[in-house]
Amino acid sequence: DVKVTQSSRYLVKRTGEKVFLECVQDMDHENMFWYRQDPGLGLRLIYFSYDVKMKEKGDIPEGYSVSREKKERFSLILESASTNQTSMYLCASSFPRNTEAFFGQGTRLTVV
Amino acid sequence: AQSVTQPDIHITVSEGASLELRCNYSYGATPYLFWYVQSPGQGLQLLLKYFSGDTLVQGIKGFEAEFKRSQSSFNLRKPSVHWSDAAEYFCAVGPHSNTGKLIFGQGTTLQVKP
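Residue numbers (this note's numbering), protein chains in the order written: chain L, 1 to 112; chain F, 1001 to 1114.
Careful: at least some of the hints might be erroneous.
Here are the in silico distance ranges between beta carbons for each label pair [unchecked claim]:
| no. | chain 1 | residue 1 | chain 2 | residue 2 | range |
| --- | --- | --- | --- | --- | --- |
| 1 | L | Glu79 | F | Arg1077 | 42 to 52 angstroms |
| 2 | F | Ser1014 | L | Ile60 | 32 to 42 angstroms |
| 3 | L | Met54 | F | Ile1011 | 31 to 41 angstroms |
| 4 | L | Asp51 | F | Gln1042 | 20 to 30 angstroms |
| 5 | F | Ser1052 | L | Thr15 | 40 to 50 angstroms |
| 6 | L | Val52 | F | Ser1052 | 29 to 39 angstroms |
| 7 | L | Gly16 | F | Arg1069 | 44 to 54 angstroms |
| 8 | F | Gln1042 | L | Glu79 | 27 to 37 angstroms |
Covered by chain F, per the in silico footprint, the following chain L stretches (three or more residues, Cβ under 8 angstroms) [as the list claims (entries may be wrong)]:
| no. | region |
| --- | --- |
| 9 | 42 to 56 |
| 10 | 85 to 97 |
Just so you know, these hints were derived from the structure itself, not from any lab. Where is the CB? At the ideal position from N, CA and C, for every residue including glycine.
Kindly generate the complete structure, drawing on both the sequences and the hints.
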């Protein structure tokens, strides 16, 4: 079974903190993604990576950065957390040629 | 602009009744099409996908979807809903490229009445 594992299910952070969300996949997928999910807005792409050390901005990259030093790991970084970044964050991975994406269980982040 | 619209934010059906969830897309070329389901507090699970060929595709859990190019639609159906189908459903489209980027609709929350 494909497994995409996000390091935390729930996180509570303070405004201004630097926050790291970690994602690991075990299927040797080239593509990895970070989405943000908010009620009524569906999933919005923050960043994606199609290879080690390669990244591209998605639709809402402001306030976020990413790191992909190894093929299996893709990290989302909130440089200075703000309350409007309170959300559910979903990591996904896939092979190229747009086969299906496999999702982690999500991290619900609350910034207070 | 590329977009996906799920017109129904919330749907309630009785257990045993049939179900249709609507999805319309705007895309410059023939897209890949997906339906995902999300149970409360969980990630997304793929129900079915359309890449090419037969426009009626079968998925897991008894779901099916039909691609209608003329209507730019990819509606999800199930003949008889079970209480365990209560969840949020997302339609998504993606390009024929290596990026794997998907565009998601806003989601439809399904409630099942006993």
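Quick rundown of the hints versus the structure:
For glutamate 79 (chain L) and arginine 1077 (chain F), the Cβ-Cβ distance of about 44 angstroms falls inside the hinted range of 42 to 52 angstroms, so the restraint holds. A hinted range of 32 to 42 angstroms holds for the C-beta pair serine 1014 (chain F) and isoleucine 60 (chain L), which are about 38 angstroms apart. At roughly 40 angstroms, the beta-carbon separation of methionine 54 (chain L) and isoleucine 1011 (chain F) lies within the given 31 to 41 angstroms, and the hint holds. Restraint check, aspartate 51 (chain L) to glutamine 1042 (chain F): a C-beta distance of roughly 29 angstroms satisfies the suggested window 20 to 30 angstroms.
Checked against the hint of 40 to 50 angstroms, the pair serine 1052 (chain F) and threonine 15 (chain L) passes, with Cβ atoms roughly 48 angstroms apart. Valine 52 (chain L) and serine 1052 (chain F) have their C-beta atoms about 31 angstroms apart, which keeps the hinted 29 to 39 angstroms range intact. A C-beta distance of roughly 50 angstroms is found between glycine 16 (chain L) and arginine 1069 (chain F), which places it inside the suggested range of 44 to 54 angstroms. Look at glutamine 1042 (chain F) against glutamate 79 (chain L): about 28 angstroms separates their beta carbons, and that is inside 27 to 37 angstroms.
Note: the region 42 to 56 of chain L has 7 residues with beta-carbon separation from chain F under 8 angstroms; the three-residue rule is met and the coverage holds. Check result for the region 85 to 97 of chain L against chain F: holds, 6 residues qualifying (beta carbon to beta carbon below 8 angstroms, three or more required).
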